[in-house]
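Let's have the full structure, built from the sequences with the hints guiding it.
Protein chains in written order, with our numbering: chain X, 569 to 888; chain R, 2 to 464.
These are computed hints drawn from the structure, not numbers from a lab.
Some chain R residues near chain X, calculated using beta-carbon distances under 8 Å:
1) I151
2) T164
3) I168
4) R205
5) Q212
6) I222
7) P403
Even for Gly, the Cβ is constructed at its ideal location relative to N, Cα and C.
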Amino acid sequence: MKNHLSIQRLKVLRSYWAVITLLISVFVLIGNNTIGQDKQDNSAKIPVSMKLSYKASDGVKRLKVMLTRKENKMKVPVENAKSPVALYLNDVKVADPANGTGLIGKVNINEDGEGVFDIPGNFNSLTSKLHEFKFIAKMESDPLYEDASDDITISDAKISIDYSGKDSIKSATATLTAWKDSAYVPVPDVEMKLSIKRAFSSFPFTDDGSATDKDGKISGNLPLSIPGNSDRTITIVASVTDNDSYGAIETTKNVAWNILPKTNEEFGRTLWSNQKNAPILLIIISCSIIGAIWGTLIYLVFKLFKIKKIGTQQGKVSET
Amino acid sequence: MNKKFKTMNDIIKPVNDEEAIQMLHQFNEDLLPKKFGRIGVIWTIFLCAVIINGLFCYIKQLRYGLSVTGMGDIVSWGIYISNFVFFVAVSLVGSLITAVLYLLNVNWRSPLTRIAEIIALACIIFAGLIIIVDMGRPDRILNMFIHGRIQSPIVWDVIVVMTYMAISFLLLYFPLLPGIAFCRDHIPGIPKWQKWMYKTLSFRWKWKPEQFQIVKRAISILSVMIIPVALSIHTVTSWLFATTYRPGWDSTIFGPYFVAGAFMVGAAAVIAAMYVFVRFYPRYDQYITDKHFDRMGILLVLLSLIYLYFNVNEYLVPGYKMKGDDADYLTELFIGKFAPMFWSVQILGMILPIILLMFKKFRRPFPIFIISVFVIVGAWFKRFLIVIPTLLHPFLPMQEVPEKYKIYVPTYPEWSITFASLAGALLVITVFVRYFPIISIWEVAEERGVSHDVIYKHLNEGK
Numbered sequence: 569m570k571n572h573l574s575i576q577r578l579k580v581l582r583s584y585w586a587v588i589t590l591l592i593s594v595f596v597l598i599g600n601n602t603i604g605q606d607k608q609d610n611s612a613k614i615p616v617s618m619k620l621s622y623k624a625s626d627g628v629k630r631l632k633v634m635l636t637r638k639e640n641k642m643k644v645p646v647e648n649a650k651s652p653v654a655l656y657l658n659d660v661k662v663a664d665p666a667n668g669t670g671l672i673g674k675v676n677i678n679e680d681g682e683g684v685f686d687i688p689g690n691f692n693s694l695t696s697k698l699h700e701f702k703f704i705a706k707m708e709s710d711p712l713y714e715d716a717s718d719d720i721t722i723s724d725a726k727i728s729i730d731y732s733g734k735d736s737i738k739s740a741t742a743t744l745t746a747w748k749d750s751a752y753v754p755v756p757d758v759e760m761k762l763s764i765k766r767a768f769s770s771f772p773f774t775d776d777g778s779a780t781d782k783d784g785k786i787s788g789n790l791p792l793s794i795p796g797n798s799d800r801t802i803t804i805v806a807s808v809t810d811n812d813s814y815g816a817i818e819t820t821k822n823v824a825w826n827i828l829p830k831t832n833e834e835f836g837r838t839l840w841s842n843q844k845n846a847p848i849l850l851i852i853i854s855c856s857i858i859g860a861i862w863g864t865l866i867y868l869v870f871k872l873f874k875i876k877k878i879g880t881q882q883g884k885v886s887e888t
Numbered sequence: 002m003n004k005k006f007k008t009m010n011d012i013i014k015p016v017n018d019e020e021a022i023q024m025l026h027q028f029n030e031d032l033l034p035k036k037f038g039r040i041g042v043i044w045t046i047f048l049c050a051v052i053i054n055g056l057f058c059y060i061k062q063l064r065y066g067l068s069v070t071g072m073g074d075i076v077s078w079g080i081y082i083s084n085f086v087f088f089v090a091v092s093l094v095g096s097l098i099t100a101v102l103y104l105l106n107v108n109w110r111s112p113l114t115r116i117a118e119i120i121a122l123a124c125i126i127f128a129g130l131i132i133i134v135d136m137g138r139p140d141r142i143l144n145m146f147i148h149g150r151i152q153s154p155i156v157w158d159v160i161v162v163m164t165y166m167a168i169s170f171l172l173l174y175f176p177l178l179p180g181i182a183f184c185r186d187h188i189p190g191i192p193k194w195q196k197w198m199y200k201t202l203s204f205r206w207k208w209k210p211e212q213f214q215i216v217k218r219a220i221s222i223l224s225v226m227i228i229p230v231a232l233s234i235h236t237v238t239s240w241l242f243a244t245t246y247r248p249g250w251d252s253t254i255f256g257p258y259f260v261a262g263a264f265m266v267g268a269a270a271v272i273a274a275m276y277v278f279v280r281f282y283p284r285y286d287q288y289i290t291d292k293h294f295d296r297m298g299i300l301l302v303l304l305s306l307i308y309l310y311f312n313v314n315e316y317l318v319p320g321y322k323m324k325g326d327d328a329d330y331l332t333e334l335f336i337g338k339f340a341p342m343f344w345s346v347q348i349l350g351m352i353l354p355i356i357l358l359m360f361k362k363f364r365r366p367f368p369i370f371i372i373s374v375f376v377i378v379g380a381w382f383k384r385f386l387i388v389i390p391t392l393l394h395p396f397l398p399m400q401e402v403p404e405k406y407k408i409y410v411p412t413y414p415e416w417s418i419t420f421a422s423l424a425g426a427l428l429v430i431t432v433f434v435r436y437f438p439i440i441s442i443w444e445v446a447e448e449r450g451v452s453h454d455v456i457y458k459h460l461n462e463g464k
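Structure representation (structure tokens):
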């Protein structure tokens, strides 16, 4: 009889679980339709375009590969390329340790469709005799995307910065020089910008579209009221952006500066101030509430031990 | 013992001490925790397996960072946060059943209080844990305490979650003390560690009037205290959204809207748990009767109606205006790609339960259990709808970003960790039921007229 009842109960249960499973499946299916919104058709290889760019920043040379594809007549980044992009100097061949030509390295494409490759430190010594570099980027045999390549030729150039901060007018001059025949010579008529490095970007103090003069120089006066870094310096940046011959070049120089950044204390006690400058009333009210509640909780925990004490004392009596 | 208590109205009160002791014996026999049967063991193993799978995925997340999830620059809060809001919502039931009904002197709540409290505690523990999971770097939780700004709703949330956890624990523990003492004195043949556990946790409970006085006073204090804290926890959680200027979140009624939804899903969770306990423990139907299901059903209808009212306000008013970015967001919800989920949640998870539960026959245990499951599943997806569609509609247009940023698809590790957290909460409840009485013996005894003196005699007899 008991067994029969158990079997019956199990049968009933099984039917209940079937109903529950069904219900949850309905939600999950609906959810799945909605959560897993749009999917791509990956049946054929997708054509992509590659752009190789070069940047020298304070002597550190960097190659950047950007892969894009077309979607609804718009360029969108390629986000899931599996094959790395091989980077070469001058020729597509294995690395030549004698002069640094051939394969320099390989770079993976990230989810933003970008691959950034910092050229190793020994590159400069290996290629000391070279003053023109042809960089080649090639991506081959990717399971999703068609093969792609790009190349860029860069002439050896550098920027130096001079700062004059003695007078009431503080100015900076940047000079762009490039290798020609057997020496670095000034380069005229190249767009260059002088700016001050800020937290997320830079603040320019030369006009847009300013170019180097016949001596390869560009000058600008620094805004005197701008706050500097917390270590009483300011960072001047001279940059050439995406030049056909020289790529992107950037040089920075730290100079002494007396105006410190504004501290949060200057805003006073507000809801948007830092931890130390919360409004007094808010601190008092919140601390009072938290203190009252947690004080009561601690009092109740002590009461637990009182229960134990009562049990210990009177337990002995009851046991005797 | 041949007396049956079929419904609350059939409660037979003892006429003398002997009968009272006999009743107490029956309560002990019925309500003290028992070893799991085969289904209980399989259920526990299943939960452990889900948790282990989630732990493996969490280790992967720790190793590779949040990049293993489907979250990105645009949808930076995914199903972890939906799940957090869900857990916080369910946890509010502790304050509803234990405190609100206690203060309103609703006497039929006695067999349900502990179920509500353990659900509340389990959910609030996992609400706290899932937030740490969402942070990616768990060590950074310390920064909340070191660098946290008291002006920030995130700091308020951390404080209020911890406070609610502490209150829920004490509100579970104080009334449990006599229950642990019952286990200590009346469960035969248990292993030494279990005996030691009961002995330690019972705090030398001897059924003395002074001890009862402390417990009852503590319950009163905690019941009063938990209500504002419970309202705060979900209000502050809603403010995490409402203080941010985004389509769908820029609302002044988010606090009460969240609280109403939380009470509704919490009541449904208690009903579902009641049904499971009645189904799996043969004599629990003597304590959790059809009347309890009926009353809880009425309560669920009431709470659902309040929630429906807030839903109408929340969607109809901006839907009438259809201004700017709100229009895109609402169109997506009403007739766009989120529409199937949105209407399923509104109809299957709220409107249909309200209509069905208005009829008495749907407030019987099995139908109301099924309806409660609908409400719970609907409530989880509702939290998904609150979090994700808004994030997919930022004020700044999504231009020249990878295609995957424009959609949110939770990854396998994300689902695994989310399911593991749900399984974790259920495991806490399961383990509790295995070792502690889920229906408060002394409160049921008290409700049925068994005095503390009789219980004291019974205790000595047990020795």
